[in-house]
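Enquirer: With chain A fixed as given, assemble chain B onto it according to the hints.
For reference, the chains in residue letters:
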Amino acid sequence: MRLVTAIIKPFKLEDVKEALEAYGITGITVSEATGYGRQRGHSEVYRGAEYKVDFVPKLRLDVVVEDVDARSVVDVIVKSAQTGRIGDGKVWTTPVDDMVRVRTGERGASAL
Amino acid sequence: MVLDETWIPQIVDMRSASLAAASPNAGDTAWVLLCAALVLLMTPGLALFYGGMVRSKSVLNMMMMSFIGMGTVSVSWILWGYSETFGPDLGDGLLGDPFTHFGLHGVMRAVYGPVGKGIPAPAFVAFQVVFAIIAVALVSGAIADRAKFATWTGFTVLWATLVYFPAAHWVFALSGYAARAGGWIVNDLHVVDFAGGTVIEINAGAAGLALALVLGKRVGFGKEPMRPHNLTLVMIGAGLLWFGWFGFNAGSALSAGTLAAGVWINTLAAGAAGMLGWLAVERTRDGRLTSLGAVSGLVAGLVAITPSCSVLSPVGSVLLAAVAGAVCAWAVGLKHRFGFDDSLDVVGVHLVGGLIGTLGIGLLATPGGPAGATGPTGLFYGGGLDQLGRQALGAGAVLIFSFVMTYAIGLALQKTVGFRVTEDDERAGIDQIEHAETGYDLGHLFSSGRTNPTHHGRLTDREGAGL
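Chains as they are written, first to last, in the working numbering: chain A, 1 to 112; chain B, 1 to 467.
Accuracy of the hints is not assured; some may be wrong.
Unchecked claim - With a straight-line Cα cutoff of 30 Å, these simulated BS3-like cross-link-like pairs (lysine-lysine) come out: (1) A:LYS12 to A:LYS52; (2) A:LYS12 to A:LYS79; (3) B:LYS57 to A:LYS9; (4) A:LYS52 to B:LYS223; (5) A:LYS90 to A:LYS52; (6) B:LYS217 to B:LYS415; (7) A:LYS17 to A:LYS90; (8) B:LYS57 to B:LYS223; (9) A:LYS90 to A:LYS79; (10) B:LYS57 to B:LYS217; (11) A:LYS9 to B:LYS223; (12) B:LYS415 to B:LYS57; (13) A:LYS52 to B:LYS217; (14) A:LYS12 to A:LYS90; (15) A:LYS52 to B:LYS57.
Hints listed in this document are in silico derivations from the structure and should not be mistaken for laboratory results.
Next up, chain A with everything else stripped away, as it sits in the complex (with noise of 0.2 Å):
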């Protein structure tokens, strides 16, 4: 099993998630994020004086899936989160050692 992560843009989220049920996949986590990478942050002005804000809103989608999914998982993120502009994002994978379902106690693919 395969963990795929993937930092995007917030307004994409319903696109990436139709993306993902078309593929098959049932369920995801979203949680948000704040960061910055090549694309910084912006400035605002209060009364006069200028603040840097650095970090950006992003949200992260952690999603586990079988090894011969990963590739492809990683494509429909990819395709679905894209806006061509600078700030879309990252996705990567990790392996995964075992996963248990807690209502059920099923072990890895079972799992998922």
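Expert: Just chain B, lined up with the frame of chain A:
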């Protein structure tokens, strides 16, 4: 306050039998009572205005610093404050006798003002106390996020008693109105300060500067971002301030008539032009029109028109307020240049705006204003430098008195009971430390229903600090 030509000084003494001749005018009474309520609403409005500008961990403390004045100042006013301000002058126009009307003794059935146009003394008492309340509340913006709340509470009583009430006596206690002899600035120096440019705005601004210097900068000032956490609150607060300001200025006519109506128009003109003046500076300097800039300019314009609304023409009001908006937009940057942490710009808006309004009278006062020929004539209308000099003396006297007294009070409190919270407490957030509360319940982890009520009484350190 400006009197019209029909003015007949009349003091109603409860022991005399002249009450029948001095029944209050119903329309004037209704107007002044309504305006008193409008001005009271400005303090919660200010709480929103200030509360939205601080970081979310301090919002409750900031709002409470305004609200507590409605408690402490009201009680002080009823007991000795009214008498200290409007009681018989103790000599040289410096202070009223705090004991004559202690507990509003002898005031509740009296009538003030000219025959047929008088108002009940309690209406005057009500209208004046709400000014005292908001003056104290204004000061709090200079020391956001870092004052011990109990010390601040004590400060509100001390400052009202030792600074505001005397200054209000100087400026507002017109001889022959509530007492035969009143304060020196209005009666001897003949300064025009219709609704409190000196005693409210300059006074609060100078006091804010003094306290900001006594308490020192916030931890991380100039290094960490201290953005306003909720500009929507700030805008609602500004709206309520403007609404209340019509009571503040037009109510200061103490009658419902031509004077009040003219002042109302000038108050509208000033809020409008102040907003545009500030935004013009932002557009040129920063390239953006900000919401905080719009409402700050609005307030700056209103500050400037407060002393001057009775003696300026509507066009003069637009001009004065536009200048005030633009100059204040620049003046709020002074704290960064000189390195004092006047957190919410009490100096940049209220001291500077108050000075512009008070001195502007010396330039722009005209018989074409709401007060007509009873007012002075300013330099630009051929009146010479006389009035400008008087305005400068009055403004300077209040400024210096307020700064020195407030610095002394602040330092005394700092050295005895302590005025500033510890650095750890400041970082943890003053709402949790001083009030054991949190302004917002928006997070997932600690939202309502997931914290357990344990016991009443004093919280343990751990729970109180929420660490």
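Enquirer: A separate judgement is required for each hint: does it hold in the structure or not?
Expert: Hints versus structure:
Of the supplied pair hints, the one linking LYS12 of chain A and LYS52 of chain A holds, its CA atoms being roughly 25 Å apart against a limit of 30 Å. Restraint check for LYS12 of chain A and LYS79 of chain A: satisfied, since their Cα atoms lie roughly 11 Å apart, inside the 30 Å limit. At most 30 Å may separate the alpha-carbon atoms for a hinted pair to count; LYS57 of chain B and LYS9 of chain A meet this at roughly 28 Å. Proximity of LYS52 of chain A to LYS223 of chain B is assessed by CA-CA distance (about 11 Å); at most 30 Å being required, the pair is judged to hold.
A distance of roughly 23 Å separates the Cα atoms of LYS90 of chain A and LYS52 of chain A; the hinted pair therefore holds under the 30 Å criterion. For the hint pairing LYS217 of chain B with LYS415 of chain B, the CA-to-CA distance comes to about 17 Å; that is within 30 Å, so the pair holds. In summary, the hint linking LYS17 of chain A to LYS90 of chain A is supported, as the alpha carbons are separated by about 16 Å, within the 30 Å threshold. Simply put, LYS57 of chain B and LYS223 of chain B have alpha-carbon atoms about 18 Å apart, close enough for the 30 Å limit, and the pair holds.
A hinted pair counts as satisfied when its Cα atoms are at most 30 Å apart, and LYS90 of chain A with LYS79 of chain A qualifies at roughly 12 Å. A C-alpha spacing of about 17 Å is found between LYS57 of chain B and LYS217 of chain B, which places the hinted pair at or below 30 Å, so the restraint holds. Of the pairs offered as hints, the one joining LYS9 of chain A and LYS223 of chain B holds, with about 29 Å between alpha carbons and a cut-off of 30 Å not exceeded. Restraint check: the Cα-Cα separation between LYS415 of chain B and LYS57 of chain B comes to about 27 Å, which is no more than 30 Å; the hinted pair holds.
Distance check on the hinted pair: LYS52 of chain A and LYS217 of chain B sit about 21 Å apart at the alpha-carbon level, within 30 Å; holds. For the hint pairing LYS12 of chain A with LYS90 of chain A, the CA-to-CA distance comes to about 13 Å; that is within 30 Å, so the pair holds. With a C-alpha separation of about 21 Å, the suggested pair LYS52 of chain A and LYS57 of chain B falls inside the 30 Å cut-off, and the hint holds.
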